[in-house]
Structure formats: structure tokens, C-alpha cells
Amino acid sequence: GAVVSQHPSRVICKSGTSVKIECRSLDFQATTMFWYRQFPKQSLMLMATSNEGSKATYEQGVEKDKFLINHASLTLSTLTVTSAHPEDSSFYICSASRPTSGGALGYYNEQFFGPGTRLTVL
Amino acid sequence: GIQVEQSPPDLILQEGANSTLRCNFSDSVNNLQWFHQNPWGQLINLFYIPSGTKQNGRLSATTVATERYSLLYISSSQTTDSGVYFCAVRGGSNYKLTFGKGTLLTVNP
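Residue numbers (the working numbering), protein chains in the order written: chain A, 1 to 122; chain B, 1 to 109.
Check before you lean on any hint, since a few could be wrong.
[As the list claims (entries may be wrong)] Here are the computed lysine-lysine pairs in the DSS-like style, where the Cα-Cα straight-line distance is at most 30 Å:
| hint | chain 1 | residue 1 | chain 2 | residue 2 |
| --- | --- | --- | --- | --- |
| 1 | B | K101 | A | K41 |
| 2 | B | K96 | A | K20 |
| 3 | A | K64 | A | K20 |
| 4 | A | K66 | B | K54 |
| 5 | B | K96 | A | K55 |
| 6 | A | K64 | B | K101 |
| 7 | B | K101 | A | K20 |
| 8 | A | K64 | B | K96 |
| 9 | A | K41 | A | K66 |
| 10 | B | K96 | A | K41 |
| 11 | A | K66 | B | K96 |
| 12 | A | K20 | A | K41 |
| 13 | A | K41 | B | K54 |
| 14 | B | K54 | B | K96 |
| 15 | A | K55 | A | K66 |
[Stated by the list, open to error] Just the calculated beta-carbon pair ranges, DEER-fashion:
| hint | chain 1 | residue 1 | chain 2 | residue 2 | range |
| --- | --- | --- | --- | --- | --- |
| 16 | A | K64 | B | E15 | 42 to 52 Å |
| 17 | B | G52 | A | H85 | 20 to 30 Å |
| 18 | B | G57 | A | K55 | 37 to 47 Å |
| 19 | A | S54 | B | T80 | 36 to 46 Å |
These aren't lab readings, by the way, just hints derived from the structure by calculation. For glycine and all other residues, C-beta sits at the position ideal for the given N, C-alpha and C.
Sequences and hints are given; from them, build the entire structure.
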């Protein structure tokens, strides 16, 4: 269980176009999903938190008008990179938070990650 | 915010060797996860371990929450263990995971 998919896995687009990336939790419902960005040989940087049925919460320095997030259902969140430019080229990864039983410790939220989307803007 | 430091940044091993990766964090945590990012970019969950010790095959992890560190042990390493190992934590009322910079592990045949 706990499978998260992303589509597409790789996309190449021209500067000025918009690109939509889908993130789906395949075998569980996720009220909260997260979008990260990763540059080569660097760690993951959180861009925004996506909450089902409400507006996303963006991290400081992330342009909400450029990176549009929609969490329309408990299994789907989308990230749209609007008017993409070469500096938006990166590896985008989503994750979904799933309550997991910890036995006597009760439930805890574990994050599961999608396989990522490599965006190249020409 | 909480700071996460991982060491070593790079590690090269021969197949069959054992290794220990360390994660230090600056504040108390209620969530600590270890991940392996394979060469294709997929993050694979290894352990959820805010405290205590867990084992899964050749891998085990220990978190000493009172001393603010976690260790990931890899025994009898294989070439397929190569990749980046990340430690990520969440503390207090914060809902976000904060990632360390990772340890790049290369296992040579």
C-alpha cells in the first residue's frame, strides 16, 4: 500500500507555455499533499502544502501565481507551472500524507513520495 | 526552524561492507523518516522512526530523541544500495518535513 503516482514523468516545453503535473494517491485518501522541488545534487525544497478543498499554503519565496496548486479530491493534486521559463527547469516531486497505525502509539502521519517529474523548459 | 545535518556527505564502499549514516537535528521531533532516493529520483520510504530502533532486512535505524540524532545502518552493502539517503524530520506543531542535505552512497562491485 501507500503508492503515489505522478504524471507526466518527463516533460519538455517551450518558454512561455504552461505545464500541468498530476499527483495521485492510488490506494489511500490524502487530505494533505506536498509539492517539492529538487535541483541537481541538492536536497528537496518544499514549495507548498496542498489541502483538499481549500487553498494551498505556499512557502516563503514561492510565487503562488506562477505555481498554481489545486487539490480537487482526496486522491488528486495538480501543480501547474504557468508561463514557464528555463529557470523553472527542475525535478518536481509530490508527496501524500497517510495516517499509519503505530500500534500502542496510536496513529502517525507518514509521507509517501511520487516518482517525480523532470521539467525542461527550452 | 529546525535544522537537520547529515553526515558524511559522501561515502564510497566496496560491496559487502557495512556503513553508518548519521542525522543530527536541532530540536525535539515527533516525526523522523529515512528515505533512499534511487538514481531515477524515486524516494523510497525506509523507516518512520521518531524514537527507538527498527530493523528491516539489512537495514536498521536507531533514533535517540533525547540526544537529537538518528543513525541508519546498512550491512553487507550491495550495488543496488547506491543513491542518496535523506533524513527528514518534523517538530512541534509544524506539519512540514525538513530534509537534510543527504548522504550520497556509492557501492562499487
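Here's how the hints hold up against the structure:
1. A distance of roughly 9 Å separates the Cα atoms of K101/B and K41/A; the hinted pair therefore holds under the 30 Å criterion.
2. In summary, the hint linking K96/B to K20/A is supported, as the alpha carbons are separated by about 24 Å, within the 30 Å threshold.
3. Taking the CA atoms of K64/A and K20/A, the gap is about 14 Å. The hint holds against a cut of 30 Å.
4. Only pairs whose Cα atoms come within 30 Å are accepted, and K66/A paired with K54/B is rejected, the gap being roughly 42 Å.
5. Note on K96/B and K55/A: the hinted pairing holds, with a Cα-Cα distance of about 16 Å set against a maximum of 30 Å.
6. For the given pair, K64/A sits about 25 Å from K101/B by alpha-carbon distance, which is consistent with the 30 Å threshold.
7. Our distance criterion of 30 Å between C-alpha atoms is met by K101/B and K20/A, whose separation comes to about 28 Å.
8. With a CA separation close to 18 Å, the supplied pair K64/A and K96/B stays within the 30 Å bound.
9. Pair hint K41/A plus K66/A holds up; C-alpha atoms about 24 Å apart against a cutoff of 30 Å.
10. In summary, the hint linking K96/B to K41/A is supported, as the alpha carbons are separated by about 22 Å, within the 30 Å threshold.
11. For the proposed pair K66/A and K96/B, the alpha carbon gap of about 22 Å is at most 30 Å, so the pair holds.
12. About 24 Å separates the Cα atoms of K20/A and K41/A, which keeps this hinted pair within 30 Å; it holds.
13. The hinted pair formed by K41/A and K54/B meets the criterion: a straight-line CA distance of about 28 Å does not exceed 30 Å.
14. Restraint check for K54/B and K96/B: the C-alpha separation of about 23 Å stays at or below 30 Å, so the hint holds.
15. At most 30 Å may separate the alpha-carbon atoms for a hinted pair to count; K55/A and K66/A meet this at roughly 15 Å.
16. Distance hint check for K64/A and E15/B: the Cβ-Cβ separation is about 47 Å, which falls inside the suggested range of 42 to 52 Å.
17. A hinted range of 20 to 30 Å for the beta carbons of G52/B and H85/A is inconsistent with their spacing of about 46 Å.
18. In this structure the hint that G57/B and K55/A lie 37 to 47 Å apart at CB holds, the actual value being about 42 Å.
19. Hint check: S54/A to T80/B, Cβ distance near 41 Å, so the stated range 36 to 46 Å holds.
This entry does not satisfy hints 4 and 17, going by the numbered hints stated previously.
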